[in-house]
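**Student:** My request is simple: use the sequences and hints to build the entire structure.
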Amino acid sequence: THPLPFPLLLRVANRIPGYNDQGHVTLVPPGESANRGDKLAYKYDIRQDNWNLRTLQSLSTNADTSMRPCPGCPFYADFQTFVNYYETTEYADSWIMAAALNRSVAFPSGRGNANFGAAFTSGSKLGLAEAVKKGTAYMSVFMQIIRDLEDAMTDCDNKCDPDDLSCQDIGAEAVHSLDAAVALYAGSLEGTDGTENSGVMPYALANRRAADFRTGGPQGERSSGTAHVNYEVIKEFKHAQTRLLADECNLARQNKWRIVNLMKVPLVQGVLRYAYMRDFNNPSDAPTREKEQAEGATFAAALLPFVHKCDTADATLIYNNMRIGSDANKVVFADVKAALERNYGCMGISCPLVGGFHNGQDYELGATPCTEGTLQGPAAPDFSQLPSSSGGSGGGNAGVAVGWILAVCLAGVVGFMAYRRFGKRKNIADVMKPPANNLAAVSEIA
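Counting from 1, position 212 in the sequence shown corresponds to residue 212 in my numbering; the numbering is continuous, with no gaps.
No wet-lab data here; the hints were simulated from the structure.
Every residue gets a Cβ at the ideal spot worked out from N, C-alpha and C, and that includes glycine.
Watch out, some of these pointers could steer you wrong.
Here are the in silico distance ranges between beta carbons for each label pair [stated by the list, open to error]:
| # | residue 1 | residue 2 | range |
| --- | --- | --- | --- |
| 1 | 374 | 121 | 44 to 54 Å |
| 2 | 248 | 286 | 31 to 41 Å |
| 3 | 109 | 70 | 18 to 28 Å |
With a straight-line Cα cutoff of 20 Å, these simulated EDC-like cross-link-like pairs (lysine to aspartate or glutamate) come out [to be verified]:
| # | residue 1 | residue 2 |
| --- | --- | --- |
| 4 | 330 | 285 |
| 5 | 238 | 157 |
| 6 | 235 | 247 |
| 7 | 159 | 285 |
| 8 | 238 | 221 |
**Tutor:** Here's what the structure looks like:
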């Protein structure tokens, strides 16, 4: 038996990536491992064999150090937006664990609080599970994607001295960080061409919401197929790769800016979808009500810091409608929609990018798309004219083939999972021992 010598950060379901003699990524069925063309039997224990100590939880609990370009430096701008809103660096883990344990979370800022225990009394864990899953993917992993994009920009800025023979290829280092961002954006469950619709990361969310808001296809006018957002994100990833390799750091920052803003679109669509469902389709059974409330509240939790940066009153309005424990009879979809639309430009998105809530035949009453802006969204700033601290997303108050993403994704998964492989090996069970009641609660939800 051969334990895999890299962390199970991403859930690899039916395929394990590895290298062949040419350095290409290969895929092998479950129960086999790829090692220079040889097949090896393996088993993997997530608590005994994660020598690199990376977990989905650690993306949030380590954020105070990982979300900076250097020790003691200010936080990356978008992460600072979330710290400003929640006043804690572990906001994602706090949300996820509160849901996992069916308890309350009170953030230091007093904003974004949630009392799952008081609101979810049916005995069903459907709502709690949704808050855990969506909190992990769209609060924790979402910010890690931004962090890896920022890391790529930092690598690009760190120019080599031509006389320093020990200096590494900075372009390659930057692209490695970009690959990590792509790997997390797509996840490991999308298949080889990105069309299986079986993923759980932002790429899959964009496709699902595009079907709801008629924003699929290269032109963003279909109710099926790959999301227009994904076409655009993939294009920006590809352009960023080219620019990083060419040492065009400020141009690559424009690609990063667009990627982060495009990633907000499915979150906006998620808030709109569940605001509509809670206003007009409030189900009679408690488990379904809790599920819809949890989904809407978690999408809002992942988006509200961006809205708050633009307009605090609109962020408060959205929170009061979507929060855990809000009365469905008092949710007003029209108010939530208007509050979001007032801030599209500030968040770097547009009405055509978001679309309108669609039932497969027509737009729902009162849910048609607004018309301001273009499908391309606002233009990216000229980062050569801005200080480096201005690298956050949003507009301020001021067809690449889809298959490409999986090629980079798999390479990024391998690189990300092998990262620090040859450092000091530790057993994750020695450093991560949550209380037994935590484990029970989480296992019951799974």
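**Student:** Taking the hints in turn, state whether each one holds.
**Tutor:** A quick look at each hint next to the structure:
1. 374 with 121: 44 to 54 Å: Between residue 374 and residue 121, where Cβ atoms are some 46 Å apart, the hint holds.
2. 248 with 286: 31 to 41 Å: Given a distance of about 55 Å, which is not inside 31 to 41 Å, the answer is violated.
3. 109 with 70: 18 to 28 Å: 26 Å Cβ-Cβ, so the 18 to 28 Å window holds.
4. 330 with 285: Answer holds: residue 330 to residue 285 is near 18 Å, not above 20 Å.
5. 238 with 157: holds, 19 Å
6. 235 with 247: holds, 18 Å
7. 159 with 285: Judged against 20 Å, a Cα distance of about 60 Å means the pair is violated.
8. 238 with 221: violated, 23 Å
The structure is inconsistent with the numbered hints 2, 7, 8, although it conforms to all the rest.
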